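With the hints as constraints, model all of the structure from the sequences given.
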Amino acid sequence: MACPPVSQLSSFELLGLGECGWGDTLLLGLGNSILIALGAYALGFGIGVAGAFGKLYGGPVTKDLAAVYTTLVRAVPELVLILILYYAVPGLVNEVLVAMGRETIVLPQFLTGVVVLAFVQGAYQTEVLRGAILAVPHGQIEAARAMGMSPFLVARRIIFPLMTANAVPGLGNLWLNATKDTALLAVIGFAELTKATYQASATTKAFFTFYPAAMALYLVISLVSIYGFGRIEKWARRGQRDVRG
Amino acid sequence: MTSAISSQPDAIRVTGLHKSFGSHEVLKGVSLTAKVGDVVAIIGGSGSGKSTMLRCINFLETPSGGQIEVAGEQVKMKPDGSPADRKQLERIRQSLGMVFQNFNLWTHKTVLENLIEVPVHVLKVPKDEAVARARKLLDRVGLAAKEDAYPAFMSGGQQQRAAIARALAIDPKAMLFDEPTSALDPELVGEVLQVIKGLADEGRTMILVTHEMRFARDVASHVIYLHNGVIEEEGPPEMLFGAPKSERLKQFLKTVG
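In order, the protein sequence lines correspond to chains A and B.
Read in the numbering used here, the first sequence has 48 at position 48, and its numbers run on one by one without any break.
Read in the numbering used here, the second sequence has 427 at position 182, and its numbers run on one by one without any break.
Just so you know, the hints here were simulated from the structure itself, not pulled from any lab data.
Check each hint, because a few of them may be wrong.
Said to hold, decoys possible - Cβ-to-Cβ under 8 Å is the rule here; a few derived chain A residues that face chain B:
#  : residue
1  : Gln140
2  : Ala143
3  : Met147
4  : Gly148
5  : Arg157
6  : Leu162
7  : Lys234
8  : Arg238
9  : Gly239
10 : Asp242
Claimed, not checked - List of simulated lysine-lysine pairs, DSS-like, C-alpha gap at most 30 Å:
#  : chain 1 : residue 1 : chain 2 : residue 2
11 : A       : Lys234    : A       : Lys180
12 : B       : Lys391    : A       : Lys234
13 : A       : Lys63     : B       : Lys323
Values in this document were obtained by computation on a predicted structure and should not be read as measured data.
Each residue gets a CB set at the ideal place from its N, CA and C atoms; glycine is no exception.
Below, the structure is given as structure tokens:
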């Protein structure tokens, strides 16, 4: 079936699924955005936990490394980091490979996206988690140590649950950042939501149809996320008095 | 009877303990011996080093020098005083029940969860056994009805009694009390002291840092008066409180009434 010319399609038809609409392109982009954000956030959380504990309890070398990491990453625009990792690093690697007579490589976009954004997330999460750990009442940590808990057990059973309540607001912010930072990956041509929106609107010239649709999708992600983090915070604050009284 | 007791190692023995914070020397070589069943009270003005001394026993503060022995086992220390064998220190800590001035109950856990945390996750006691034991202890400190309460919703006196029960839950060889009633409203002090007195009466070994002079006189078998990091005077309570020799101690007892 041939599609009618774009100018004869309504907004609903443009956003529809199937051959003539761009709905599936957008939804695919949305799916990619969410997957990248989830991957980057989870990996970033791992980096953040390691970074926070390293900064607080690590030796001098660990502390310095963590400080260099968080300072540099937070100083450089994410867009620049993405470009460096996607173009500059493989370029360098490929020059070496060619010199060695090997074949050149192309970085998979999805993986690159996850790694770069996780690298950025990790730096910010390090600071959020460090603050959250510092806000854990020291006496409760002492009580655990005094009863012979190992440092690992103290971290897992006492510090971790107590810091969660302090960390959730900051981590919620970072998650929302992560979902929107995925848009930066459009510059390397990755088909996330922003890139998909651009494609759809550039082809059809229906900018006022596709960009509001993309905004609505980003808004839905945010609303669901805010609700989810609210639930997590409520759970994490069990046992605490309501400060509003 | 006497020989049976004397063949047992001392519950806690502190020898020549030094502690400095930077250039400030807080403890200048203090010693203490608690035999099994002893109740040693440490008294002194603020800044005398009494809490630091207690906290050095389980290495919440790292001593700068000296020796700590618990049940005949010496805590291995590096030359700088820090613990040399983490596993050994953890094992020794598991035999010392500590009660803090600010209770330090874990706020994300209910009272019952506080009590079974270390037994289940550190001492590997089966959970139902730990729960049964915890309930008995809560009953003993008068908190049977509070097992599902979170600490933030209890009075200071209730929290401290729960904290004492938590310390008892690991079945400690000795108890360390760090000013257990100092953070309490006056009307709540009595209920906590009563619980501690009960423990003393059943022959528990305890070291008690306190401001409650009448209580120290009542429960202690030995009293240490600390001043500026040295033991100014020590002896049985009736001596220290009844006929103090040191001018400073006389002055101190006068001011704290």
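Restraint satisfaction for Arg157(A) [CB to CB of chain B, less than 8 Å]: Nearest chain B Cβ about 6 Å off; hint holds.
Holds or violated: the hint that Lys234(A) contacts chain B, with Cβ atoms closer than 8 Å. violated (13 Å)
Lys234(A) and Lys180(A) were given as a pair; does the straight-line alpha-carbon distance stay at or below 30 Å? holds (25 Å)
Is Lys391(B) close enough to Lys234(A), meaning Cα to Cα at most 30 Å? holds (22 Å)
Proposed proximity, Lys323(B) with Lys63(A) (alpha carbon, max 30 Å): holds (24 Å)
When the least beta-carbon distance from Leu162(A) to chain B is tested against 8 Å, hint result: holds (6 Å)
Can you verify the interface hint for Arg238(A): is its Cβ closer than 8 Å to any Cβ in chain B? holds (7 Å)
Given Asp242(A) was flagged as interface, is its beta-carbon under 8 Å from a beta-carbon of chain B? violated (10 Å)
Have a go at the Gln140(A) hint: is there a Cβ in chain B nearer than 8 Å to its own Cβ? holds (5 Å)
Report holds or violated for the interface hint on Ala143(A), using the least CB-CB distance to chain B and a cut-off of 8 Å. holds (4 Å)
Taking the closest Cβ pair, is Gly239(A) under 8 Å from chain B? For Gly239(A), the interface hint holds, since the closest Cβ of chain B sits about 4 Å away, which is under 8 Å.
Does Gly148(A) pass the interface hint, meaning its C-beta sits closer than 8 Å to a C-beta of chain B? holds (4 Å)
Hint violations for this structure: numbers 7 and 10, all remaining hints satisfied.
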